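Chemist: Sequence:
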Amino acid sequence: MFKKDMLKKLENIFKFKKTTFDAHSDEFEQDTLFIEVQECKERITSKGAVIKVIADLIYFSQVDRIKYGNMIKLIEQANPIDKNPFFFYDIDKKNVSSQANIINITERRISCHFFYTGEYDPEKGEITSLDMDCCNN
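Each step along the sequence shown adds one to the number in my numbering, with nothing skipped, and position 57 is 118.
One thing to keep in mind: the hints can contain errors.
Computed cross-link-like contacts, DMTMM-like style, restricted to lysine to aspartate or glutamate with a CA-CA straight-line distance of at most 20 Å [stated by the list, open to error]:
#1 Lys78 <-> Asp92
#2 Lys144 <-> Asp117
#3 Lys79 <-> Glu90
#4 Lys69 <-> Asp92
#5 Lys155 <-> Glu97
#6 Lys128 <-> Glu90
#7 Lys113 <-> Glu100
#8 Lys108 <-> Asp66
#9 Lys144 <-> Asp66
#10 Lys78 <-> Asp143
#11 Lys113 <-> Glu97
No wet-lab data here; the hints were simulated from the structure. No experiment lies behind these values; they were computed from the predicted model shown.
Generate the whole structure from the sequences, applying the supplied hints.
Modeler: What follows is the structure in structure tokens.
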């Protein structure tokens with residue numbers, strides 16, 4: 062439900078060649094922003110569905126290719142429409158225990174909360190299946 066909106070906004074903010082909800086592999090693909098959803102909290106109100114998504118954003122780069130502070134600058138320069146549903150914290154946190162460090166690649170993370178509001182109106186049709194896509198990676 063929220064994935065399309067979250068993906069598009071992160072693409073606009075960080076401008077990686079690829080942004081994905083797919084799990085990263087041991088190949089440490091560079092120029093890719095991996096979205097790792099930790100938790101979803103949903104609430105249904107009379108005005109619609111509200112979802113709070115807690116996620117880690119993970120990226121790999123050659124050491125010193127993406128300088129410390131670059132991601133903060135991208136967030137600051139982003140269009141407010143794209144960055145307002147997010148709360149970013151622990152920006153550019155380096156994972157020192159990552160296996161990527163062995164091959165001169167660094168793994169960095171950004172933690173975030175994403176707030177999504179969407180339509181919810183069960184009167185509009187018949188429910189034929191449940192979309193369990195919210196927190197499945």
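Chemist: With reference to the structure, classify each hint as holding or not holding.
Modeler: Now for the hints, and whether the structure bears them out:
| no. | hint | in the structure |
| --- | --- | --- |
| 1 | Lys78 <-> Asp92 | 6 Å, holds |
| 2 | Lys144 <-> Asp117 | 15 Å, holds |
| 3 | Lys79 <-> Glu90 | 10 Å, holds |
| 4 | Lys69 <-> Asp92 | 16 Å, holds |
| 5 | Lys155 <-> Glu97 | 16 Å, holds |
| 6 | Lys128 <-> Glu90 | 18 Å, holds |
| 7 | Lys113 <-> Glu100 | 8 Å, holds |
| 8 | Lys108 <-> Asp66 | 19 Å, holds |
| 9 | Lys144 <-> Asp66 | 12 Å, holds |
| 10 | Lys78 <-> Asp143 | 17 Å, holds |
| 11 | Lys113 <-> Glu97 | 14 Å, holds |
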